[in-house]
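Chemist: With chain H fixed as given, assemble chain C onto it according to the hints.
Listed here are the chains, written in short residue letters.
Number of protein chains: 2
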Amino acid sequence: MKRIFEIDPWIVKTHELDVENKRLQESITAIGNGYMGMRGNFEEGYSGDTLQGTYLGGVWFPDKTRVGWWKNGYPEYFGKAINAPAFNHIGITVNGEKIDLATSKFTDFYLALDMHQGLLTRSYVYHGHDAAIKFTFERFLSNAVQEAALFKVSVDVLEGHADIQFDASLDGNVVNEDSNYDEQFWQALEENPVAHSITMETIPNPFKVPQFTVTLAQHLQLNGQDVEGVLTTASGTLNETVTTRLDAGEHSDLVKSVVVVTSRDIEPEHQVERVSQLLDGVVAAGFDELLNQQTAIWADRWATSDVVIDGDDAAQQGIRFNISQLFMTYYGDDPRLNVGPKGFTGEKYGGATYWDTEAYIVPMYLAVTKPEVTHALLQYRHDQLPGAFHNAQQQNLAGALYPMVTFNGIEAHNEWEITFEEIHRNAAIAFAIYQYTAYTGDDTYVNTDGIEVLVAIARFWADRVHFSQNAGKYMIHGVTGPNEYENNVNNNWYTNTMASWVLEYTLERLPKANGAVLAKLAVSDDEQAHWQDIIDRMYFPTDEKRGIFVQHDTFLDKDLRPAASIPADQRPINQHWSWDRILRSPFIKQADVLQGIYFLNNRFTMAQKEANFDFYEPMTVHESSLSASIHAILAAELGKVDKAVELYARTARLDLDNYNNDTDDGLHITSMSGSWLAIVQGFAGMRYNDTQLSFKPFLPSTWTHYAFKMNYRGRVLAIDVADTTTIKLVAGEPITVLVNDKPVRLEVEA
Amino acid sequence: MKRIFEIDPWIVKTHELDVENKRLQESITAIGNGYMGMRGNFEEGYSGDTLQGTYLGGVWFPDKTRVGWWKNGYPEYFGKAINAPAFNHIGITVNGEKIDLATSKFTDFYLALDMHQGLLTRSYVYHGHDAAIKFTFERFLSNAVQEAALFKVSVDVLEGHADIQFDASLDGNVVNEDSNYDEQFWQALEENPVAHSITMETIPNPFKVPQFTVTLAQHLQLNGQDVEGVLTTASGTLNETVTTRLDAGEHSDLVKSVVVVTSRDIEPEHQVERVSQLLDGVVAAGFDELLNQQTAIWADRWATSDVVIDGDDAAQQGIRFNISQLFMTYYGDDPRLNVGPKGFTGEKYGGATYWDTEAYIVPMYLAVTKPEVTHALLQYRHDQLPGAFHNAQQQNLAGALYPMVTFNGIEAHNEWEITFEEIHRNAAIAFAIYQYTAYTGDDTYVNTDGIEVLVAIARFWADRVHFSQNAGKYMIHGVTGPNEYENNVNNNWYTNTMASWVLEYTLERLPKANGAVLAKLAVSDDEQAHWQDIIDRMYFPTDEKRGIFVQHDTFLDKDLRPAASIPADQRPINQHWSWDRILRSPFIKQADVLQGIYFLNNRFTMAQKEANFDFYEPMTVHESSLSASIHAILAAELGKVDKAVELYARTARLDLDNYNNDTDDGLHITSMSGSWLAIVQGFAGMRYNDTQLSFKPFLPSTWTHYAFKMNYRGRVLAIDVADTTTIKLVAGEPITVLVNDKPVRLEVEA
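Going down the list, the protein sequences come from chains H and C.
Under UniProt numbering, think of the first position of the first sequence as 1, with each following residue one higher.
Under UniProt numbering, think of the first position of the second sequence as 1, with each following residue one higher.
Do not take every clue at face value.
Where chains are identical, the list cannot tell them apart; a pair therefore holds if satisfied intra-copy or between any two copies.
[What the hints assert, rightly or not] In silico EDC-like links for lysine to aspartate or glutamate, alpha-carbon gap of 20 Å or less:
{"no.": "1", "residue 1": "71", "residue 2": "665"}
{"no.": "2", "residue 1": "13", "residue 2": "312"}
{"no.": "3", "residue 1": "473", "residue 2": "543"}
{"no.": "4", "residue 1": "2", "residue 2": "449"}
{"no.": "5", "residue 1": "134", "residue 2": "97"}
{"no.": "6", "residue 1": "71", "residue 2": "177"}
{"no.": "7", "residue 1": "71", "residue 2": "664"}
{"no.": "8", "residue 1": "473", "residue 2": "559"}
{"no.": "9", "residue 1": "696", "residue 2": "8"}
{"no.": "10", "residue 1": "71", "residue 2": "662"}
{"no.": "11", "residue 1": "512", "residue 2": "690"}
{"no.": "12", "residue 1": "98", "residue 2": "167"}
{"no.": "13", "residue 1": "71", "residue 2": "569"}
{"no.": "14", "residue 1": "640", "residue 2": "463"}
The hints are simulated quantities; they were obtained by calculation from the structure and are not laboratory data.
Here the structure is a predicted model, which is why all the values come from computation and not from measurement.
With the rest of the complex left out, here is chain H (with noise of 0.2 Å):
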């Protein structure tokens, strides 16, 4: 655990600039707004250790699969998020000297992000020849113009005087560090110093996947009027520089805005006349009106999402921070995107979409957002159901297999252990589509396109699993589970688990389903006896004397101790240890029995539960950014208080205090919904099915006082719990929610 900002409910701040873990306070103060988003690296640029990194949604690039032995199977190539052209970078010269906080003299250095709507600044006092001087910075990427990112840099000379000579730029020439090869995968197609644009090109590829084409215009103000630097172009750069002289009391501010154009939107020839467009409609509203809207977007998002935590400052902000950046990476406005596990914020793990949207995004966005904005995540998988099919094609399958890491459908890592084996993907993809109606009440995509996914998933479980003459039982075998410190197990629990439910839930759902859709499917009769036959010979390990349900078949023969007994200093096991002692030791990375224990929910006993969390929780060392929020709403459920609330510490802080010492990469971005689910789910044990919303709610010995609202089928509920429990509904029907077990009839008060 490392602690770099102070505590603070609506501000991410610090007053050190935190030399040691500058990559770790760049990952924190990132910005975002759904189309492109940004590392916190300095306008005026830093010399000393950095990861510089700006991403555009959607923009990426297939590198070529690098192993040492090539297996059957394996994708073409590996999906990189990759670095875009740099368009933050304001290079600030005093008195001659080029200003770099890794050498230049300063004091009184702040850095702030203000969770209200995604503004960061930043200022310091710099002490140079002839001239002290106070230097605020401020950005924020518009959400009501979303091509539109905003940078103010304010001066005012404190001491002396100062020639300033600012260097505003727009920078192409970008690497990715993550690739291991420094390799550039972007070109230079045309500087055009008349719109200040440069617009580069992704380099091509050999696997028929579209290059990407950016364009990049930049406009200056200095004091609110617009002013043209002396412009230089180089391959894939433009820059301009502007020089003011300033003595003491004087101040002066440097506005530049940026627009940004893909090729995903605008056709290449058409991209500098609309970034010119959109730039005329930028720099006619200004900074402060788009602030002023940007403030008033967010406001609305909040009004329907803010949880406030009373009695425990970290905890709040904990949470607002997570609200915020998972808004800043994801708000349904593209049904192209997805949630990257790292949003914007870093270039690791490649791919734009996870398991991870299935399993921990839609369960919150269903309850913060508006239904579309789920509905859309589920139409994104729906749209790829082509690169689903190929992905099952390559491992010579029936059906659709989901893939691991994508951008497009089509499967875009390489470890056979992940992307052969950890194939339970394919359910929480099902899942989600569960989740969306039971909790919407919409049938509407289960029964059209949805029901086409359920099947193509079902038909590819079906062929999956095989006959065991043996044990006389179906079984999955080789198999990944959700702990990904075990590979190629046999008849993972959870997996085995879930391919039934899917085969379940299919089934059910098939008689409802739109007729045309299902003519077109053509499950045949044999088809679904087959299912049914699956799903009543399917094979659980189970432990009767534990009473547990078992991880996987040889689980149990493991030289089982608590991750209590791993030595600190060994700790993260997956930073220290070779990696077949990780799989052979009983040390779980992220819940795996209990992750189905949590789907399926209503189907176990508290005793089983109870059981289950007693003999797994023991061995977990929740290295996986995935893991806490899911134990803590078990915890809950539990009674488990002091249980619950040490998990939800840890997931709703796993950035903020760097639990898992890896955030230097990057944001946990699809964890962050768990420390939302950890109170609602946990702490407010907010429960659904196809009829009926419930909850029971606790409050935690430290907090004084917790409130969240949520969406419910055209509502919106205010639940706030300090001894006692309030619920009003703020708006919509009036319904009947169970509270403890017990109806409580809500209508929206006069």
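Modeler: Chain C in isolation, oriented as in the chain H frame:
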């Protein structure tokens, strides 16, 4: 199966240039002399599909590990056998046309490898402008002067007249194909026109692996007279042009003598001097004399190693091909070298040394070469103990882990399921010590260097097992057995059995070992007691009902089907099925349980052997070149004569008949001993223990007779099996052997 050469007892020959199978032809006509080797590439060049390959023993490059996702413990580099500077080039231009069999007109093609001494001959009649010319090429790599390669081109003008230009060159600008990246691993240091040499150096690496420097020099003779051609050089190349004019009926020949030295033997600054010196000697001796010496050396080798088979010329050719290729790869001349899986015939696999050496080469070399040769192979492992300690430390384990793939003892392969898990290799190193000691009766190695190796390996196993409270047994989880078509299995019977055997054998040898070595090893009583406890309580999966040892914990739960059920167009499965499908299938790549029964043959009853053979062999696809021989031996022991003969054919002619459809990459050198083992241990039933040599011979029904010779404890035995068996002592002290369990006393006949 694909047979492109004609059957002949001593010659591998063809009258056809097989353009479609050019690479296969090149592999089968590769030659080597233990120091260096080359594929059957054409001297005059060839513009069609070809795999150019020249290799120098022990000259390699550490290529950075490239994986999609780094796992702790991965080796930093993959050790690559690199394509060495080429010295076989003799371009030929006739009346202005460059000869290129991909485009030139020719008849009477003939290509032949003479297995008596490794002479490669090729001839054809070229039909060009104004001329018909017979060209004959001869080449061999000298065993008298290991640094020397000799090439002769004979020209007989049949019709017309010919202006002939020879371009004899040395070319250091070579690339590896299998590296995936077409990377060039060499850089030019010098071209020396006086010495007619080039000096190349491997490119730098960041892993502290020494760079190799090599110098090559050539000398030309035209019609027996030294000739100075027109010499040109460019970076890394040297070319000499010699011209001659011939009319019909005239003859000419060009001899190119080449010498190659490397920094393994000669410091870079002395290399040019050394090649000049060596080349003087080679030229003074001349092509014919060196060929005579070559033939004499090989005659000695064949005198104690030839296997004669009457009645089956294909079988006869197969065994001689294998023996000759093995001897061309390794004859114990340099204890720093080993037997690479592709020898000098291809660049695939990387690395020089696999467990193949101990498991397959040692048992044959013990009998066909002098004990010093096998002793050198054992010494090689002792010398690499520091690397083996390093490998174990990489996995946080005690003792020594011999590498899967290496040049220097340090693991140089980077698939976790192999590198970290195919640890059974460690037991084979120990078993080779047992075999050497039992066969030769020489216990000096095992009592000194050998005991160091044994204790180091024993300590590894003692740390690698875990005690399962659940089962009350020691277990070994997370391994890949010899059957590489399963990964990360638990309690692989072979691995557990051999690990336990290592502990037993080490405990047995300890009291007899050299006192000074023992003092250094400091194996305490407690440590020995712990080893004994592991032996006593090791878990060995068995199935009482079937009377078999179970390959690993969950093998019997698979969809068990015979390999015969696989459609022919899906064989070999490793070229058709995705990896996960192979893993969960019941199909076995090579002997696994049966490998253990083969090694520890005298521990099992015939009923056990038969039950296991009958259960596992039908599921075995023999897609490892190492598979058929072990099965042939066991089939022979079990009296399954037809099966034994079928599997012998597969092992003897694996490359000649391209059974596994991959010989175009190079020959399967390390598995070539399998055909010898199948005849000697299989058909002749040769067995031994510390005190007794025995035979149980039979004659395959299609053969009329077979015979072989063996070195045994200072003796030479000649075994001749026809309708009756004759065993003669050719040299050495009298001995009593068992033939069909009856003692037979042998004395040298007067």
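Chemist: Hints first: check each against the structure and report whether it holds.
Modeler: To see whether the hints hold, each was checked on the structure:
1. In this assembly of identical chains, the alpha carbons of residue 71 and residue 665 lie at most 20 Å apart only when taken from different copies (17 Å versus 29 Å within one copy).
2. In this assembly of identical chains, the alpha carbons of residue 13 and residue 312 lie at most 20 Å apart only when taken from the same copy (17 Å versus 86 Å across copies).
3. For the identical chains of this complex, residue 473 and residue 543 are neighbours both inside a copy (17 Å) and across copies (19 Å), given an alpha-carbon limit of 20 Å.
4. Proximity of residue 2 and residue 449 under a CA criterion of 20 Å is satisfied in neither setting, with 45 Å inside one chain copy and 50 Å between copies.
5. For a Cα distance limit of 20 Å, the shortest separation of residue 134 from residue 97 inside one copy, 15 Å, qualifies, whereas the shortest one across copies, 79 Å, does not.
6. Taking the shortest Cα distances, residue 71 and residue 177 sit within 20 Å of each other only across copies (18 Å), while inside one copy they are farther apart (27 Å).
7. For the homomeric pair residue 71 and residue 664, the shortest alpha-carbon distance between copies (19 Å) is at most 20 Å, but the shortest distance inside one copy (33 Å) is not.
8. For a Cα distance limit of 20 Å, the shortest separation of residue 473 from residue 559 across copies, 11 Å, qualifies, whereas the shortest one inside one copy, 28 Å, does not.
9. For the homomeric pair residue 696 and residue 8, neither the shortest alpha-carbon distance inside one copy (29 Å) nor that between copies (86 Å) is at most 20 Å.
10. In this assembly of identical chains, the alpha carbons of residue 71 and residue 662 lie at most 20 Å apart only when taken from different copies (15 Å versus 30 Å within one copy).
11. Taking identical chains as interchangeable, the C-alpha atoms of residue 512 and residue 690 lie at most 20 Å apart only when both belong to the same chain, with a minimum of 15 Å there against 77 Å between chains.
12. In this homomeric assembly, residue 98 and residue 167 come within 20 Å of each other (Cα to Cα) only inside a single copy, at 10 Å, whereas the closest approach across copies is 61 Å.
13. In this homomeric assembly, residue 71 and residue 569 come within 20 Å of each other (Cα to Cα) only across copies, at 19 Å, whereas the closest approach inside a single copy is 36 Å.
14. For the homomeric pair residue 640 and residue 463, neither the shortest alpha-carbon distance inside one copy (41 Å) nor that between copies (38 Å) is at most 20 Å.
Comparing the model with each numbered hint stated earlier shows that hints 4, 9 and 14 do not hold.
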